[in-house]
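Each chain is listed here by its residues.
2 protein chains.
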Amino acid sequence: MRISINANRCEPSPMRKFHSLAVAAEKKGRKIYHLNIGQPDLPTPQAFYDAVRNFHQRTLAYEASPGMPVLIDAVRKYYANLGVELSPEDVLITTGGSEALHLTCLSILDPYTEVIIPEPYYPNYTTFVHSAGGVIRALPTTPEDGYRYASRDRIESLITKNTRAILITNPGNPTGVVLNEEEMRMIADVAKKYGLYLICDEVYREFCYDEIHGVPTMARFHDIDENLVIVDSVSKRFSACGARVGLVVTKNKELQQALLKFCQSRLAVATMDQVGAAALYSVDQDFYRRSKEEYRRRRDTVVERLRKMPGVKVQEPMGAFYVMASLPVDDADRFQHWLLEEFEDEGETVMFAPGAPFYETPGKGINEVRIAYVLQQQDLERAMALLGKAIDRYRAEKM
Amino acid sequence: MRISINANRCEPSPMRKFHSLAVAAEKKGRKIYHLNIGQPDLPTPQAFYDAVRNFHQRTLAYEASPGMPVLIDAVRKYYANLGVELSPEDVLITTGGSEALHLTCLSILDPYTEVIIPEPYYPNYTTFVHSAGGVIRALPTTPEDGYRYASRDRIESLITKNTRAILITNPGNPTGVVLNEEEMRMIADVAKKYGLYLICDEVYREFCYDEIHGVPTMARFHDIDENLVIVDSVSKRFSACGARVGLVVTKNKELQQALLKFCQSRLAVATMDQVGAAALYSVDQDFYRRSKEEYRRRRDTVVERLRKMPGVKVQEPMGAFYVMASLPVDDADRFQHWLLEEFEDEGETVMFAPGAPFYETPGKGINEVRIAYVLQQQDLERAMALLGKAIDRYRAEKM
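As given, the protein sequences belong to chains A and B, one line each in that order. For what it's worth, the numbering used here labels the leading residue of the first sequence as 1, then goes sequentially. For what it's worth, the numbering used here labels the leading residue of the second sequence as 1, then goes sequentially.
It is possible that part of the hints are untrue.
What the hints assert, rightly or not - Taking lysine to any residue pairs in the SDA-like style, the calculated list, with each CA pair at most 25 Å apart, reads:
{"no.": "1", "chain 1": "A", "residue 1": "Lys192", "chain 2": "B", "residue 2": "Asn8"}
{"no.": "2", "chain 1": "B", "residue 1": "Lys253", "chain 2": "A", "residue 2": "Ala22"}
{"no.": "3", "chain 1": "B", "residue 1": "Lys31", "chain 2": "B", "residue 2": "Leu86"}
{"no.": "4", "chain 1": "A", "residue 1": "Lys253", "chain 2": "B", "residue 2": "Ser20"}
Derived from the structure by calculation, the hints contain no laboratory data.
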């Protein structure tokens, strides 16, 4: 009874592997502040629930494999507002951005082919790449450089005959790095020159805190239509993670066909969630502005509080809702265990995602953590206070 | 820009590849009777919609990767009624039975390893096996034998050093074959003797038309707990295909861990669909009986009508809601094209799934079709009448 090589190459999610410890802590009566998962806490627009409640189908049936036309149309209108014209067949609705990434990897990677990904990166990329037999070639960055990766030389130096794709998250998870126009153009040029797929995970597109970035998308570079794969989702944009509705945008016809085969094999995305997701796209522009302002305030709070903690190193993120921070602890994974199993302050503790699994390079990120600033102001302040106290106590008791 | 070898090894779904032709025919005003997809038309129990409408979460959040406890509990109670005791960790909720199969293949198959599957089989198995780099070793059956496959000699003769699993659908799709207790025991013994995974797709479990079969499940054979992987779903049982809620049941701890890594990478199954699915399990026992009686009547209708068509060969299926039939046409794929592009009778036509993709062996199934008897009596009679007329006209005009 063997487990596959590729399954063995995958790791438990660092955001989720503490789930059972967290459940145990909660059973003991602990209140946990969750900074470990990029689970926004803003309310899901009522339009979602209204659409779902008004939906009735005598028999809840399979929808078309590429997605419901009403949702594909809503997505096309949304992209048109970004200045990107899409045909219906350029959009494939998926079960979250996760499935978009998973099916893209299965469609373009063979065993031992390589994907260049700036590190630190979203750890589930490992599972998507490995499940297709692929290999990650990490493009290293440093906290001192603010985790910036858009260096032509450094990217080109990683390209081999086996390279199939460059995968970037923009705005970045976990780093909050946002590419400027020039950097986006350079990466597009590299993908074009070497005939590589450019997979852009843009699920945090609306969350750029520096106005010069606007709402960035690679999809505006039409000269790389053959190379480009945009991964998108309603999860972060509309605080609707539990809907599990994402999408792939590509104009590459061969890739569309390959993706469609996988989409057909899993039949369809859940009907009601697509109905609700289509309604989400009807929110007014003010919704985006308000969400962004809220997260900007939270970012400011978290960064300010982190900077006051002795020994903590942090750079201000420009987008998404994460910050990587280096903590004055020996091992962030061990620290997280301790936070759940031993620490408490007035019955409360805190969770984050330990940094090492965000790196491919061994030894990196061991004392880093990713903090998702997805709690409201008051909770966020309390969570930061808990983190500060916990670091002090851990250093006194365990180091 | 290359497409992966494994994506190229997959084929479009024979149930879905005519989708665009069907849409075009409908645009011309054609009414199509869909016998191509196993999409039940019985009403989804109201409990599903009630639960969804009563559900409100300020922020629609990610659920736990293994599934919502309320749904896992409902599934465990359902299995307890079948005489199978499950721990919570024995159940992983998936996005449909499709994801259950896909993740199982990724967890146990390496490139060039083999899965034994009786043919004809559900064509999407090909995509699941191929996406993991695996190879299907088809166990041939014949229409004359009623597509029965439970022959120890024939199964053992296909086992090699590379065999990892036996995959069966019981009751069978597309054949309607139902294993008896002795046959189930024999296959369990073979899996145990050779240390193979036994993947049992039991999503049609409730649809057995011969009372001696009861509600069959391999899960009662506890001596093969290490080998066994049960694939299950609410889609067929409760006419809720559009919910996309399925599950894997296994007591193999190593496999649980491997599956969980993939489940974590895709974060969670859609929240509302899980809430609705949990409510589905509250239907009374009479629901199952009534559904079965309805499909039994339909089976009788379809088989009776098919038997009256000259040149059509058919065996009475014992379970699920499909029948394989051999038609007096040169090529069922060409016939289906013609049905959508040229044929009409009073503005109506009919769709089924051409048989060849249900076979791994080249040349088999070319004049066979799979008919899903998922329409109400009156529509089913009309669809059968259309099929009869179409065969006559096609033979006169095209052969």
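Hints and how they fare:
Of the supplied pair hints, the one linking lysine 192 of chain A and asparagine 8 of chain B holds, its CA atoms being roughly 23 Å apart against a limit of 25 Å. The straight-line distance between the Cα atoms of lysine 253 of chain B and alanine 22 of chain A is roughly 21 Å, inside the 25 Å bound, and the hint therefore holds. With a CA separation close to 46 Å, the supplied pair lysine 31 of chain B and leucine 86 of chain B exceeds the 25 Å bound. Restraint check for lysine 253 of chain A and serine 20 of chain B: the C-alpha separation of about 16 Å stays at or below 25 Å, so the hint holds.
Going through the hint list in order, the structure does not satisfy hint 3, though it satisfies all others.
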